[in-house]
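> Here's the letter readout for the chains.
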Amino acid sequence: MSNRAVPDAATQVEIYRRMALIKANDERSRKVIMSGRLVMPYYSPRGQEVIPSAISVNLTDDDYICTIYRGSHDQLAKGLPLKDLWAEVAGRVDGTCKGKGGPMHVTYPSKGIMVTTGIVGSTMPIANGLAWASQLKGDGRVTVASFGDGAANIGAFHEALNLASVWKLPVIFVCQNNEWGEHTRYDKTSNVRVADRAASYGIPGVRVDGNDPFEMYAVANEAVARARAGEGPTLIEAMTYRFFGHVFGDADNYMDKARKAEAIANDPVPRYRAKLIETGVASEDQLAAMEADIESQIDEAVEFALASEFPGMEELKRDVFAEEMA
Amino acid sequence: MNAETNVKAAKANILQGINAAIADAMEADETVIALGEDLADPEEGGVCGVTKGLSTRFGEHRVRSTPISEQAIIGAAIGASLVGFKPIAEIMLMNFTTVAMDMIVNHAAKLRFMSGGQTNVPIVIRTMTGTGFGSGGQHCDYLEAWFAHTAGIKVVAPSSPADAYGLMRSAIDDPDPVLFIENLPTYWAPSTAPEKGHRVPIGKANVLAEGSDLTIIAYARMIQEATPAVAQLAEEGISVELIDLRTIAPWDRETVVASVAKTGRAMIVHEAVTPFGAGAEIAAVLNEELFGKLKAPVKRLGGAFCPVPFSKPLETAFAPQTAGIVAAAKTLVGK
Numbered sequence: 001m002s003n004r005a006v007p008d009a010a011t012q013v014e015i016y017r018r019m020a021l022i023k024a025n026d027e028r029s030r031k032v033i034m035s036g037r038l039v040m041p042y043y044s045p046r047g048q049e050v051i052p053s054a055i056s057v058n059l060t061d062d063d064y065i066c067t068i069y070r071g072s073h074d075q076l077a078k079g080l081p082l083k084d085l086w087a088e089v090a091g092r093v094d095g096t097c098k099g100k101g102g103p104m105h106v107t108y109p110s111k112g113i114m115v116t117t118g119i120v121g122s123t124m125p126i127a128n129g130l131a132w133a134s135q136l137k138g139d140g141r142v143t144v145a146s147f148g149d150g151a152a153n154i155g156a157f158h159e160a161l162n163l164a165s166v167w168k169l170p171v172i173f174v175c176q177n178n179e180w181g182e183h184t185r186y187d188k189t190s191n192v193r194v195a196d197r198a199a200s201y202g203i204p205g206v207r208v209d210g211n212d213p214f215e216m217y218a219v220a221n222e223a224v225a226r227a228r229a230g231e232g233p234t235l236i237e238a239m240t241y242r243f244f245g246h247v248f249g250d251a252d253n254y255m256d257k258a259r260k261a262e263a264i265a266n267d268p269v270p271r272y273r274a275k276l277i278e279t280g281v282a283s284e285d286q287l288a289a290m291e292a293d294i295e296s297q298i299d300e301a302v303e304f305a306l307a308s309e310f311p312g313m314e315e316l317k318r319d320v321f322a323e324e325m326a
Numbered sequence: 001m002n003a004e005t006n007v008k009a010a011k012a013n014i015l016q017g018i019n020a021a022i023a024d025a026m027e028a029d030e031t032v033i034a035l036g037e038d039l040a041d042p043e044e045g046g047v048c049g050v051t052k053g054l055s056t057r058f059g060e061h062r063v064r065s066t067p068i069s070e071q072a073i074i075g076a077a078i079g080a081s082l083v084g085f086k087p088i089a090e091i092m093l094m095n096f097t098t099v100a101m102d103m104i105v106n107h108a109a110k111l112r113f114m115s116g117g118q119t120n121v122p123i124v125i126r127t128m129t130g131t132g133f134g135s136g137g138q139h140c141d142y143l144e145a146w147f148a149h150t151a152g153i154k155v156v157a158p159s160s161p162a163d164a165y166g167l168m169r170s171a172i173d174d175p176d177p178v179l180f181i182e183n184l185p186t187y188w189a190p191s192t193a194p195e196k197g198h199r200v201p202i203g204k205a206n207v208l209a210e211g212s213d214l215t216i217i218a219y220a221r222m223i224q225e226a227t228p229a230v231a232q233l234a235e236e237g238i239s240v241e242l243i244d245l246r247t248i249a250p251w252d253r254e255t256v257v258a259s260v261a262k263t264g265r266a267m268i269v270h271e272a273v274t275p276f277g278a279g280a281e282i283a284a285v286l287n288e289e290l291f292g293k294l295k296a297p298v299k300r301l302g303g304a305f306c307p308v309p310f311s312k313p314l315e316t317a318f319a320p321q322t323a324g325i326v327a328a329a330k331t332l333v334g335k
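Going line by line, the protein sequences match chains A and B. First residue of the first sequence? That's 1 in the working numbering, and the numbers climb one at a time after it. First residue of the second sequence? That's 1 in the working numbering, and the numbers climb one at a time after it.
Okay, chain A solo, but in the shape it has when bound:
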């Protein structure tokens, strides 16, 4: 990796904007749930903001992603509008899926958000199909499959990586290793690094500090270039840390307190913010204005969502098949 890609100044700021959006949206989500105005199963992505932010600036709207129930960071980084997201998680008809999917199934094809699954390990086999389609069409698109460290222990991981390798598919497998598979630490469930498993399939496997925007950007940039050039898949293991329990409301007593405190003290969002100011890439005023703008966009999205109607009962018969059910 001698010629590592470095994001230009505008891209550096854009990565921060996406991170700040994810962080602010997470904080608001927890606040709104606590207020009792909205009920949903919520899987916080707090602490994992860098990964999709630094990856997605290497993608276009035409590129595809498949993500999981802990996926609002991936979706927002890929360009999902806040109003569509909030109306969806509130179960309203103006949501991206008319409120029928909910937080675990957010879908938004116009930004390439093709599948959000609630099943651990299921992004990878489907991502292969999207990538196969791109290979057949020769459209140069890249597909990113996101998943957690827990998903690396499911059979679908093996099947999908093997097939992607054999078929040389333009797909990037991004394991967001947040150290926790639900309530169990990664090192209790595997004796090897996720990235090292790439060797079994004859594809590149890279472990990267997923909380370092520059490192993450460079690794993603190379994987995207490789995929676009028809050179096949890459497995990226992005190291990060989940600031909260598995699902919102879980007491997270199983998480080591010192390790958690250390991770939170190293919060990648303020750390990167300070770096942008320090290096003169952005000013305090500029970033503060950006953050204020994000807050007001979220204000608007939340109020839009909660004022939106619930879907009508006829929706029980729609979208099961193309033709409406009798």
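Simulated from the structure, these hints should not be mistaken for lab results. Ideal Cβ placement from N, Cα and C applies to all residues, glycine included. Among the clues, some could well be false.
Selected chain B positions facing chain A (in silico; Cβ < 7 Å) [as the list claims (entries may be wrong)]:
| no. | residue |
| --- | --- |
| 1 | Pro67 |
| 2 | Ile78 |
| 3 | Gly79 |
| 4 | Val83 |
| 5 | Met114 |
| 6 | Gly117 |
| 7 | Gln118 |
| 8 | Ala148 |
| 9 | Gly152 |
| 10 | Pro175 |
Okay, derived cross-link-like pairs now, DSSO-like style, lysine-lysine, Cα gap no bigger than 27 Å in a straight line [what the hints assert, rightly or not]:
| no. | chain 1 | residue 1 | chain 2 | residue 2 |
| --- | --- | --- | --- | --- |
| 11 | B | Lys330 | B | Lys299 |
| 12 | B | Lys204 | A | Lys137 |
| 13 | B | Lys293 | B | Lys204 |
| 14 | B | Lys299 | B | Lys335 |
| 15 | A | Lys168 | B | Lys52 |
| 16 | B | Lys52 | B | Lys196 |
| 17 | B | Lys204 | A | Lys317 |
| 18 | A | Lys137 | A | Lys188 |
| 19 | A | Lys317 | A | Lys83 |
Fit chain B to the known structure of chain A by using the hints.
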């Protein structure tokens, strides 16, 4: 089909009907692609040769052999279908769908609904099964009820070459996932050849024989057991209406209910085990629709409630046979 056309018509078997349907669809539409274990010609076009010749004709990029990875096969089909392709995925044997159930049930069947109609999964999952070849407990189950119980997937099971062709063309045309069940032991049974381009609509049953005393509803190989039973019963003065269901989900309630309203008696015959099978659903609907008009309780004849046995006499006894259908029919009509 009637006797007259039968005399002149060309013959084909079910395997050829399926092969021709896929070939004609691939020729007509370049978004039709196929994948599965051993599917391409270097691997002999599938273990039974159903896809023989297709990769040579259309290229291995469109007819692709895969690793033995059922989740990866269905996943790849789903993904490609989300962005404009019409994949035909083969899961060699129906029992092997068990290792791909997450992809089939949680994803293929549900993505249209969960996305609020933004995406859909126009895939065909081909799979073969059926008792009779001594395959034992893990190679020949009929598991259609599992899929029929899932909202969002259609299930078809043809019993003739023409229906195999016509249902395959309709399945490929369909904008939603279709599970296409092929009966392995009857692949090579010759019958009337299909007409090129012919479609058999999904959800439409076929009345094979008209009758007035009893309606027999069957599908797949059970048609071959029921057909001689109908002839035998006719000799004994019992007039049977035989319906080939063809589509299990969504099944043709209109045709079946109208027939049973006429005959007043119904028997459902399938190779799958009886409890909680397709027959239970059909019987329940007949009771809901025709309670008070039925002359006898609705009868179900299905496989024995055990894993499919290997030993030949046990395997033969496992699935309904002509003699059992005749006996059950006589009991129903009180003869």
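> Work down the list of hints and note, for each, if the structure agrees.
How the hints compare with the structure:
no., hint, verdict
1, Pro67, "holds (6 Å)"
2, Ile78, "holds (5 Å)"
3, Gly79, "holds (2 Å)"
4, Val83, "holds (5 Å)"
5, Met114, "holds (4 Å)"
6, Gly117, "holds (4 Å)"
7, Gln118, "holds (5 Å)"
8, Ala148, "violated (13 Å)"
9, Gly152, "holds (5 Å)"
10, Pro175, "holds (4 Å)"
11, B/Lys330 - B/Lys299, "holds (12 Å)"
12, B/Lys204 - A/Lys137, "violated (35 Å)"
13, B/Lys293 - B/Lys204, "holds (24 Å)"
14, B/Lys299 - B/Lys335, "holds (15 Å)"
15, A/Lys168 - B/Lys52, "holds (25 Å)"
16, B/Lys52 - B/Lys196, "holds (18 Å)"
17, B/Lys204 - A/Lys317, "holds (20 Å)"
18, A/Lys137 - A/Lys188, "violated (42 Å)"
19, A/Lys317 - A/Lys83, "holds (25 Å)"
When each numbered hint is compared with the structure, violations occur for hints 8, 12 and 18.
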